Structure formats: structure tokens, C-alpha cells
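Asker: Heads up: the protein sequence lines correspond to chains C and Z, in order.
Just so you know, we're using my numbering here: the first sequence kicks off at 170 and counts up by one.
Just so you know, we're using my numbering here: the second sequence kicks off at 170 and counts up by one.
It should be emphasised that the hints constitute simulated quantities derived from the structure, not laboratory data.
All values derive from a computational prediction rather than experimental measurement.
It is possible that some hints are incorrect.
Said to hold, decoys possible - Below, computed lysine to aspartate or glutamate pairings styled on DMTMM-like, alpha-carbon distance capped at 25 Å:
id	chain 1	residue 1	chain 2	residue 2
1	Z	LYS425	C	ASP270
2	C	LYS225	C	GLU291
3	Z	LYS477	C	ASP501
4	C	LYS268	Z	ASP475
5	Z	LYS458	C	ASP252
6	C	LYS497	Z	GLU273
7	Z	LYS275	C	GLU436
8	Z	LYS451	C	GLU245
9	C	LYS241	C	ASP261
10	C	LYS413	C	GLU318
11	Z	LYS248	C	GLU436
12	Z	LYS249	C	ASP501
13	Z	LYS458	C	GLU273
14	C	LYS304	C	ASP396
15	Z	LYS458	C	ASP270
16	Z	LYS490	C	GLU273
17	Z	LYS349	Z	ASP418
18	Z	LYS176	C	ASP475
19	C	LYS451	Z	ASP475
20	C	LYS304	C	ASP332
21	Z	LYS241	C	ASP475
22	C	LYS249	Z	GLU473
23	C	LYS477	Z	ASP270
24	C	LYS248	Z	ASP260
25	C	LYS249	C	ASP270
26	Z	LYS462	C	ASP475
27	Z	LYS268	C	GLU436
28	C	LYS388	C	ASP448
29	C	LYS365	C	ASP394
30	C	LYS462	Z	ASP260
31	Z	LYS451	C	ASP270
32	Z	LYS462	C	ASP394
33	C	LYS425	C	GLU479
34	Z	LYS268	C	GLU453
35	Z	LYS478	C	ASP396
36	Z	LYS447	C	GLU245
37	Z	LYS497	C	ASP261
38	Z	LYS275	Z	GLU291
39	C	LYS253	Z	GLU273
Protein chains: 2
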Amino acid sequence: MIVTCSKNDLIEGINISSKAISNRTSMPILECLFLECNNNEFVLMGNDLEIGIISKVKATIKENGKIAVSYKIFSEIIKKLPDKEIYIEADDKNIVIIKCDMSEYKIMGQKGDEYPKPSIIEKNNGFTIFQSELKNMIRQTLFSVAIEESKPVLTGELIEITDGFINIVAIDGYRISYRKSIVESKDNIKIVVPGKTMTEIIKILSSDLEKKVTLYFDKNHILFDLDDSIVVSRLLEGEFLSYKQILSDNYNTKIKINRIELLSGLERASLISSVTKKDPVKLEIEENKIIIKSNTTLGSAYEEVDIKKEGESLKISFNPKYLIDALKAIDDEYINIKLTSSLTPCIIVPLDSDDYKYLVLPVRSND
Amino acid sequence: MIVTCSKNDLIEGINISSKAISNRTSMPILECLFLECNNNEFVLMGNDLEIGIISKVKATIKENGKIAVSYKIFSEIIKKLPDKEIYIEADDKNIVIIKCDMSEYKIMGQKGDEYPKPSIIEKNNGFTIFQSELKNMIRQTLFSVAIEESKPVLTGELIEITDGFINIVAIDGYRISYRKSIVESKDNIKIVVPGKTMTEIIKILSSDLEKKVTLYFDKNHILFDLDDSIVVSRLLEGEFLSYKQILSDNYNTKIKINRIELLSGLERASLISSVTKKDPVKLEIEENKIIIKSNTTLGSAYEEVDIKKEGESLKISFNPKYLIDALKAIDDEYINIKLTSSLTPCIIVPLDSDDYKYLVLPVRSND
Numbered sequence: 170m171i172v173t174c175s176k177n178d179l180i181e182g183i184n185i186s187s188k189a190i191s192n193r194t195s196m197p198i199l200e201c202l203f204l205e206c207n208n209n210e211f212v213l214m215g216n217d218l219e220i221g222i223i224s225k226v227k228a229t230i231k232e233n234g235k236i237a238v239s240y241k242i243f244s245e246i247i248k249k250l251p252d253k254e255i256y257i258e259a260d261d262k263n264i265v266i267i268k269c270d271m272s273e274y275k276i277m278g279q280k281g282d283e284y285p286k287p288s289i290i291e292k293n294n295g296f297t298i299f300q301s302e303l304k305n306m307i308r309q310t311l312f313s314v315a316i317e318e319s320k321p322v323l324t325g326e327l328i329e330i331t332d333g334f335i336n337i338v339a340i341d342g343y344r345i346s347y348r349k350s351i352v353e354s355k356d357n358i359k360i361v362v363p364g365k366t367m368t369e370i371i372k373i374l375s376s377d378l379e380k381k382v383t384l385y386f387d388k389n390h391i392l393f394d395l396d397d398s399i400v401v402s403r404l405l406e407g408e409f410l411s412y413k414q415i416l417s418d419n420y421n422t423k424i425k426i427n428r429i430e431l432l433s434g435l436e437r438a439s440l441i442s443s444v445t446k447k448d449p450v451k452l453e454i455e456e457n458k459i460i461i462k463s464n465t466t467l468g469s470a471y472e473e474v475d476i477k478k479e480g481e482s483l484k485i486s487f488n489p490k491y492l493i494d495a496l497k498a499i500d501d502e503y504i505n506i507k508l509t510s511s512l513t514p515c516i517i518v519p520l521d522s523d524d525y526k527y528l529v530l531p532v533r534s535n536d
Numbered sequence: 170m171i172v173t174c175s176k177n178d179l180i181e182g183i184n185i186s187s188k189a190i191s192n193r194t195s196m197p198i199l200e201c202l203f204l205e206c207n208n209n210e211f212v213l214m215g216n217d218l219e220i221g222i223i224s225k226v227k228a229t230i231k232e233n234g235k236i237a238v239s240y241k242i243f244s245e246i247i248k249k250l251p252d253k254e255i256y257i258e259a260d261d262k263n264i265v266i267i268k269c270d271m272s273e274y275k276i277m278g279q280k281g282d283e284y285p286k287p288s289i290i291e292k293n294n295g296f297t298i299f300q301s302e303l304k305n306m307i308r309q310t311l312f313s314v315a316i317e318e319s320k321p322v323l324t325g326e327l328i329e330i331t332d333g334f335i336n337i338v339a340i341d342g343y344r345i346s347y348r349k350s351i352v353e354s355k356d357n358i359k360i361v362v363p364g365k366t367m368t369e370i371i372k373i374l375s376s377d378l379e380k381k382v383t384l385y386f387d388k389n390h391i392l393f394d395l396d397d398s399i400v401v402s403r404l405l406e407g408e409f410l411s412y413k414q415i416l417s418d419n420y421n422t423k424i425k426i427n428r429i430e431l432l433s434g435l436e437r438a439s440l441i442s443s444v445t446k447k448d449p450v451k452l453e454i455e456e457n458k459i460i461i462k463s464n465t466t467l468g469s470a471y472e473e474v475d476i477k478k479e480g481e482s483l484k485i486s487f488n489p490k491y492l493i494d495a496l497k498a499i500d501d502e503y504i505n506i507k508l509t510s511s512l513t514p515c516i517i518v519p520l521d522s523d524d525y526k527y528l529v530l531p532v533r534s535n536d
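Assemble the whole structure, with the sequences as input and the hints as a guide.
Answerer: What follows is the structure in C-alpha cells.
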């Protein structure tokens, strides 16, 4: 393999494909970056067997070939080279030669054939969506995927397409995060993508309002095609929770509140939490204000935030982390919160759309 | 104690004084910030018994008093409060009340009398220097204080004043870092300040070219008076190495080299070092260039940098870290390096002044 390319293009390719390279792996070759020149394309790939990321690098290819090379050493050398054209050669003894300006490096690679390739997915089933929209939908829900693996399917996010709408949903047993958008697709789709894949894909998705991504999938895998890069991941098996009837529209109390004021008050009140961070905060919803109270072994907090209220007054306690996560994910200045009783979940919704719903379970208070 | 002040002034004071608060301490009260209102001054203090930092905060004092309060909880609450006037009260039960806008916090403090005060230093012996100059001198030498405590005095920096010049020197057994400047002082002074104190003081010293700092000291302590804040530290005992005759002006080879080009080449070549990072790099000084070579189990590096040479050609090996540290500390575009033989130290100096000298011991090469 002999190829030349610019430092910047190579670094961009390394940054993307390396997101699939795991630090902890029992297969040493998975600590490598895979380089291949073929069909006039120079591609880099990282793969941890759950997720594989391929990025294409603009390059001049002089000889086809493939090689696997220690990601850590290769990427550090490339990053420190001068901002000039980089020459990469891999010979049949798997020695990788890197030349740039007055520098020459030789490092030992591993046979390219030994590097595991991700599954091939037929591009039959698929839909296209703006990258920025998908990025936002994932960012605004991902924090509530389940960490514990007692129900593995909940460690992923549901992507659901029905009648031209796409929903992304994450549930961890204490809360539901739900985002809705429009998508051009006549299919009805229901797949669950691992949280880890979503964590990496939002780093790669562009915020550019023009760029699109196409998602293809088969029974066990999903492929994100971003033109310059391709992400392939396995899907999670199992039945996702039927969440829709839980996100009920009924309520006895509805308040309109400034999101940042509520968020700041909750963040401060939760500083009084003990080290375990499990002390609840108590919300007292009165006529024109909400009072946030916290009493712990460390001290006491008292906060007031103005509200507009419809319906009954109410006292209810929460783990503040769950409310804080949801309030941080939302972009709106004002939100509605719907409540039924001290023992039933609250639901955070926009003032006048159904773009998102955040359900949070209350905790029992001591008094 | 009752006092009001602005959030910004309070945060600035907390940031400075808390630099002396240790995370790991066997005395719980040292995890506290000390607050005192007295003589129309509101002061904050952190103290780990080696270094104490006092900062003065602009404030309106309504009642004198003092209290010690958990630094972690107090500072986090203050940082998250709205950007408005903050009211702080400590009552005779050591409860600290913090009020700001619609928020009210109560946390348990500890009796102010129990907080240890730093030593009092008579302001007899002292000298004044620009903060930015002292900051630079420390930054450019501090990296080579000894880490190991086999000779405790070398874990500090020598501050030496002779005939109107100030030298700051750090030595760790493999290298010497030396900086010289002018100072208005008729005294001859020789004190050794702990590296840890220097690490904290450069964070507090301003880069503002107008601001000055006055240093006072007695047999065992040093006091840095920065007007708005005061740092008190113990001094290290013991005889510092007499370094002057080691920093000899003799050489057989002198080269002029671009500092960044040499630094970049060494940084890349050292990437080939094994995990222990102890593989040496070999420098081959030829007529018009220096060749940097490294051969390790991970691969090989070859770098060329242009030089202007006086004297003999030479091959010499170094631990690259020691050269890299010195080259990073220097600001000049070009430097001189003086060498005598493969087995004697090199000395890095400016082209045409004696503001700094960096001595680095070579390592024996295998070939």
C-alpha cells in the first residue's frame, strides 16, 4: 500500500473512525486502526465488534493494499507531524513507513486480512433525515437510557417510524424521554439502537443544517451513511416498553415556568444532597410560585420560582437529578409541567407542540 | 458575622484562597474555608499548614465575626447563585446562612477560633518585583524541581539575590534550570521555597505588566504580599547545591537552532518510546544539520533539523523529556546549545544574553 494525503484530511478521518476503537479489548488487533487503499478510495476503519466506523480520506493512491496499525502510536505521530503532505507505505513485511517533510517513521503493523470487517447491510430498508435534527433528537433523550443491564433492551434507544413521524425514546425505569419529528418514510419501523452507538453517532453527526444522513437496517444491524463516513452497529433484541399509554395527557395541575429558573433552583438545592446524591427535593406548588425545599444532614435549601398555575396546589418530591437532566436537554425558554398527584409521575411538555415529553417518577417524601 | 458582597468579588476571593485547601488532610477543619470580618475587612483564608492564602473581598460589614465552613459545599452554592448581592451570616451556633435573591441556604460551620492561622512574619527583610517577571521566572524553572524526597531541599526552588540580581534555580539530579533577572535590593538573600508553594503562587501572580509583589521572609517562612491577597509558606531547610561551577561556559561544539523545530522533532521521536518512556534519543550533530534518531521495540524515528555549528561534530544521547521540558519553557525563536563531549552535559542558553541556562545530563548510548 502506498498513499499520500494531507495531514488535515487524515486527522479528520482518524478522529471519526477511531471513535469505534475500544481501549479495553481482549483482541489486540482491535486496538488497531485499519487502513485500506482499494477502488481509488483510501479508507480508515475502527471496529470494536459492536460498532464499526469507516471514514473516507481524500488521497492519491499509488498502490492498493491494507494494513492494521496501532491506533495510539499512529495517531500521535500523525498529529505531531508538520502540516504538510504525508506519505504512508505498508510493505509485505507489515512495516508501516510514514514520511513527511524531514521526518521518517517506521512502525510495525499487523496483516490487514486479520482485521475483522463489520457486517454488510443491503441498502433496501432505509430513510433519510437531517443530521442536525437526528443529533438533537438523540442528545435530548440519550441521557435516560438504562445503565443497568437487568433489561438489556432498555440500554438502547427506540427509533420508531409511524405514518411519517419519527419518535426516539429512552426509558430507564425512573423516567421516559421522548422526542418526535417528521420524516419522509412510508415504512413502519421499530428498532432499538445501543446507547453506546448513539453516544458515538452524535459526535459524528454534523450540526450543519443542510447535511443529511441515511439509515439502513436489517434484522440485526443498522448502518448510518453520512457520505464521508459510515457507521455500522448491531441492534438490540427484545421488546421495548410500550410507553405511549404512560405518557397520558390527563392532569389535575398544570404549571407554566421559566426553564432556566427552575433548573438553577434545582441545581442549587441538590448541592445540599449528601455524598450519595440521593436526597430528594420537595416541590410545593402554590398559587403563583413553586417552592423548592431540601433538608439534609448537610443543611437546608429554600428556593422560590414564579409560575402560572392551572388546577390544584400540590406537594411532590423528586430525585432532582432526573428533573435536572430533562430541563438541561430542553432548549425552550418556558415549559409546561403536568401533574396528577404526589404519587404519580410529572410530565414536562412544550407550551404548544408535542415535540417532546419527559416523564419523571416522584419519590415518597418523609412528611 | 454579617456581611454582604457581590458574587463576582466573592468568587474571586474563593478561587484564590482555596488554592491552599488540601483535598487530603487528616484534620477535617483544613477542608474548610475560613471567613472573617474584622477591622472593616472581609477576608477569606485557606491553609494546609504548609501554605496559607488570605484574600481580601470588597464587602459591607454589618457585624464582625469569624467562621470556618466546608469549602466544597460553600463554594458550589456561591458559584450557582444568581449574579446578585450575596448576604452571609454566621450565628453563635455556627450556622451559616446564605441569602441571594429568592434563595436561602443554611449549612453547618465550625467555630472560627479552631481554624489554624499561618505564622506571622515581620515585614523587615523584603524585596519587590514585578508579578509578571516573577511568574515567568518560576514557570521557566519549576518543572525541574526534584520529585523524590531523597534530598528534600531539592524539592524546592532556590531564590538567590546577589548584587542587584535575582536568580531562581531548580535542580533534580538530571538537570538544572536557571533564570536570572534584575531586582532592586541591596541585601544578599538565599532561601529555598517549596515547589508546591511555587505551583500555587504562579496561579495567583498576575501577568499584568504594572503589578508588583513584595516578598518578606524570616528564618523559616516567606510571605508574598500581592495587595489583594497574601500567601504565607514555610521555607525548606538545608544547603542547596552550589550549581554555579557546573554551569560552565566552556564548550567544544556550539550550535544555533530553531527552538520549535528541535522541540517538534524531539516530541515526535519520543512517541516511539516504549510505555516506560525511558528510551533515549540520539542526536548526531553534523556540519549543517542535527539528526535525531530513536530505535525502540515500537519502531524507528528519523528527523533532521537545520543548524549553524561552531566546533566539532558530535554524537550524544538524551532522555528526550528533559530537553523537551527546557525547550517548552523558553520563549525565544532561536537558541544556542553548547556541548563538550558525549558524556558531559549540554547547556541551552540565549543567543546574546545570560537570562537563562538549562543544563541537561546525557545518557550513555548503546552503540
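Asker: C/LYS248 and Z/ASP260: Cα distance at most 25 Å?
Answerer: Violated, at roughly 58 Å.
Asker: With the threshold set at 25 Å, check whether the alpha-carbon distance from Z/LYS490 to C/GLU273 stays at or below it.
Answerer: Holds. Z/LYS490 to C/GLU273 sits at ~20 Å (cutoff 25 Å).
Asker: So if I understand the rule, the pair passes when the alpha-carbon distance is 25 Å or less; does C/LYS477 with Z/ASP270 pass?
Answerer: 20 Å, holds
Asker: Would you mind confirming whether the straight-line C-alpha gap from Z/LYS176 to C/ASP475 stays at or under 25 Å?
Answerer: 23 Å, holds
Asker: Given the proposed pairing of Z/LYS451 with C/ASP270, does the C-alpha separation stay at or below 25 Å?
Answerer: 20 Å, holds
Asker: Do the alpha carbons of Z/LYS462 and C/ASP475 lie within 25 Å of each other, as the hint requires?
Answerer: Roughly 69 Å between the alpha carbons, so the hint for Z/LYS462 and C/ASP475 is violated.
Asker: Does C/ASP394 lie within 25 Å of Z/LYS462 when you go C-alpha to C-alpha?
Answerer: At roughly 43 Å apart (the allowed maximum being 25 Å), C/ASP394 and Z/LYS462 break the hint.
Asker: Between the alpha carbons of Z/LYS447 and C/GLU245, is the straight-line distance 25 Å or under?
Answerer: At roughly 18 Å apart (the allowed maximum being 25 Å), C/GLU245 and Z/LYS447 satisfy the hint.
Asker: Holds or violated: C/LYS462 and Z/ASP260, Cα atoms, limit 25 Å.
Answerer: Holds. C/LYS462 to Z/ASP260 sits at ~22 Å (cutoff 25 Å).
Asker: Please verify whether C/LYS413 and C/GLU318 have alpha carbons no more than 25 Å apart.
Answerer: 23 Å, holds
Asker: What's the verdict on Z/LYS497 and C/ASP261, does the C-alpha distance respect the 25 Å limit or exceed it?
Answerer: 39 Å, violated
Asker: What's the verdict on C/LYS249 and Z/GLU473, does the C-alpha distance respect the 25 Å limit or exceed it?
Answerer: With Cα atoms ~15 Å apart, C/LYS249 and Z/GLU473 stay inside 25 Å; holds.
Hints 3, 19, 21, 24, 26, 28, 32, 35, 37, 38, 39 from the list above are not met by this structure, while the remaining hints are.
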